[in-house]
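**Q** Okay, here's what each chain looks like letter by letter:
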Amino acid sequence: MPEWAISTQALEKVYGGRPAVRELNLEVPSGSICGFLGRNGAGKTTTIKMLMGMARPTAGAVTVLGHDAATREGGVGIRRRTGFVSEDKALIPGLTARQMIALTRALYPSWRTDLEQDYVRRFRLPLDRSVERLSKGMRTRLALLLALARAPELLLLDEPTDGLDPEGIEQALQSIVAAAAEAGTTVFFSSHRLAEVEQIADRVAILEDGKLVVNDSLDELRASYRRVHIVFDDHAPEQLRALAGADMPGARSVSVLAKSNVDEIVLEARRHNARAIDITPVTLKDVFLESVGR
Amino acid sequence: MLWRFAARQTQLRFWLALAGALFLAGLVVYKYPVALERLKLDSAPGGAPEAQAIYANYLWNRWFSLLGALWVVYAFIMAGNGVVPQTSCTLTGGGAGVLYMLSLPVTRARLLYTRAAVGAAGLALLALTGALSACAFSPLAGQSYPLLTAVAHAVILAGAGMGVYGAFVLLAAILNEPLFGIVAYVLIAITVFTGISRTFHSSAVFSLFDLLRGTSYHVDGVFPWTGVLAGLAAGALFIRVAATAIEHRDF
Chain A
-6 MPEWAISTQA LEKVYGGRPA VRELNLEVPS GSICGFLGRN GAGKTTTIKM LMGMARPTAG
54 AVTVLGHDAA TREGGVGIRR RTGFVSEDKA LIPGLTARQM IALTRALYPS WRTDLEQDYV
114 RRFRLPLDRS VERLSKGMRT RLALLLALAR APELLLLDEP TDGLDPEGIE QALQSIVAAA
174 AEAGTTVFFS SHRLAEVEQI ADRVAILEDG KLVVNDSLDE LRASYRRVHI VFDDHAPEQL
234 RALAGADMPG ARSVSVLAKS NVDEIVLEAR RHNARAIDIT PVTLKDVFLE SVGR
Chain B
159 MLWRFAARQT QLRFWLALAG ALFLAGLVVY KYPVALERLK LDSAPGGAPE AQAIYANYLW
219 NRWFSLLGAL WVVYAFIMAG NGVVPQTSCT LTGGGAGVLY MLSLPVTRAR LLYTRAAVGA
279 AGLALLALTG ALSACAFSPL AGQSYPLLTA VAHAVILAGA GMGVYGAFVL LAAILNEPLF
339 GIVAYVLIAI TVFTGISRTF HSSAVFSLFD LLRGTSYHVD GVFPWTGVLA GLAAGALFIR
399 VAATAIEHRD F
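Protein chains in written order, with the working numbering: chain A, -6 to 287; chain B, 159 to 409.
Hints listed in this document are in silico derivations from the structure and should not be mistaken for laboratory results.
Warning: the hint list may mix true and false statements.
As the list claims (entries may be wrong) - Computed far set for chain B versus chain A, every beta-carbon distance over 10 Å:
hint, residue
1, 193
2, 220
3, 257
4, 259
5, 302
6, 341
What the hints assert, rightly or not - Calculated Cβ distances over 12 Å to all of chain A for the following chain B residues:
hint, residue
7, 194
8, 195
9, 209
10, 346
11, 399
What the hints assert, rightly or not - Pulled a few chain A residues facing chain B out of the computed Cβ check, cut under 8 Å:
hint, residue
12, 47
13, 77
14, 83
15, 84
16, 92
17, 270
18, 272
19, 275
We put the beta carbon where it would ideally sit given N, CA and C, even for glycine.
Bound conformation, chain A alone (with noise of 0.2 Å):
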């Protein structure tokens, strides 16, 4: 397997003049579980489109498994050997679940039977009902069954908890996690609940306008971020608004979300008096609002 399950260099896609990734350069660790985050409309299904081959890149290189995903072949053997739930969850049209997981089963050498079963189980899955009659929750279910029981070595997941309720969330964690622990499966899913990537992802990368702005570990992030709450007697000097990137003038405290410069906000804050620094960890909510500017 190599060092990285997905590669991408300098990778742009343009849709009609507007660009919807930019200058991208993401780097995954096989084995490794990692969030991918950003606003609607960031770039996020688009990236995910291209790592399975399913758009072409407009400029750059997309290497996934060791496959290049701009070509028809390497885009075919990605496809091999990755499970993937889209955006929309849509299965096809006129097939039961059971339909849909033949036709799933027969493309894949690599489909687990013990597996299928497993999750039929546990899914709860009807097995007999076409997939226009199945609610958003059991299409969430079933299109997870079919990514996971074929065993891939890569998962490429879009929203993958959308539409499940809070039994099914934990549920669909529990197996993606279980596929990384006991496979080996590198995990790249996307998503919008932040604390449902706090609790599987080791690894955050964070889209903002099609760039990416941030891609790291999440104990380095958790490390690395840090939130300074400084109050004053009088109101916060204007030096330390401007490096702590606060603009509230006149305000008596400063609340910052400080990446590397946490010493030098705390030395100037103790430089004008102030009457109380109160350094806190960060959450992956604040580590996100502050990457896409808000």
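The hints should help you fit chain B onto chain A, whose structure is shown.
**A** Chain B only, in chain A's frame:
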């Protein structure tokens, strides 16, 4: 495996089209005595050969022409039914599940060829069953219709019609869904219109509709080999171009 699922996905539409064709064929044959009554006002049939010819002409004018139009509409539906596969289309119902199909470990060309072949097989079956139903129902009107003529008509319709089907597949591959619908409707309208024009004015203008209803075969007794072979070749070419076009599309 892919072809089985393409067939399963389209089977409801196929059975509906087949049932519709059989119903219409039965209705046309059933109405023959009424039509004959009207004909008798002008000319009563003489011997058995003349009666047979009148019946054959009636079937050609009423049933085989209708079958041609039905076949073109069904070809449109089959081409739009995820052959490509397409994005969502309320008219054809095809398209949902596009991403799933594209996520399978097969090339888009293979997907397209498989589904196009299943569609073509369905169309050939519809042409054959529709034509043979004329033979099957004829005893209901106290008539008979030659099996060989019906089979020849099915070959003409399916063979020449493959050009139309291939054109629809190509349109579905290169156009987005609303445009595909509009262009396809225009093509169907042109086909039918030229057929109507040809019926009322015996001009020498080429009529695809006349080719599909086997005018030269039924009227002049000349099997339209050129038209059939041209239809098959055009259909194969269009589908080949569609496979190339689909490789470069983003979904």
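**Q** Indicate, hint by hint, whether the structure satisfies it.
**A** Each hint, compared with the structure:
| no. | hint | in the structure |
| --- | --- | --- |
| 1 | 193 | 40 Å, holds |
| 2 | 220 | 34 Å, holds |
| 3 | 257 | 4 Å, violated |
| 4 | 259 | 7 Å, violated |
| 5 | 302 | 39 Å, holds |
| 6 | 341 | 21 Å, holds |
| 7 | 194 | 44 Å, holds |
| 8 | 195 | 46 Å, holds |
| 9 | 209 | 47 Å, holds |
| 10 | 346 | 24 Å, holds |
| 11 | 399 | 17 Å, holds |
| 12 | 47 | 5 Å, holds |
| 13 | 77 | 4 Å, holds |
| 14 | 83 | 5 Å, holds |
| 15 | 84 | 5 Å, holds |
| 16 | 92 | 7 Å, holds |
| 17 | 270 | 51 Å, violated |
| 18 | 272 | 46 Å, violated |
| 19 | 275 | 35 Å, violated |
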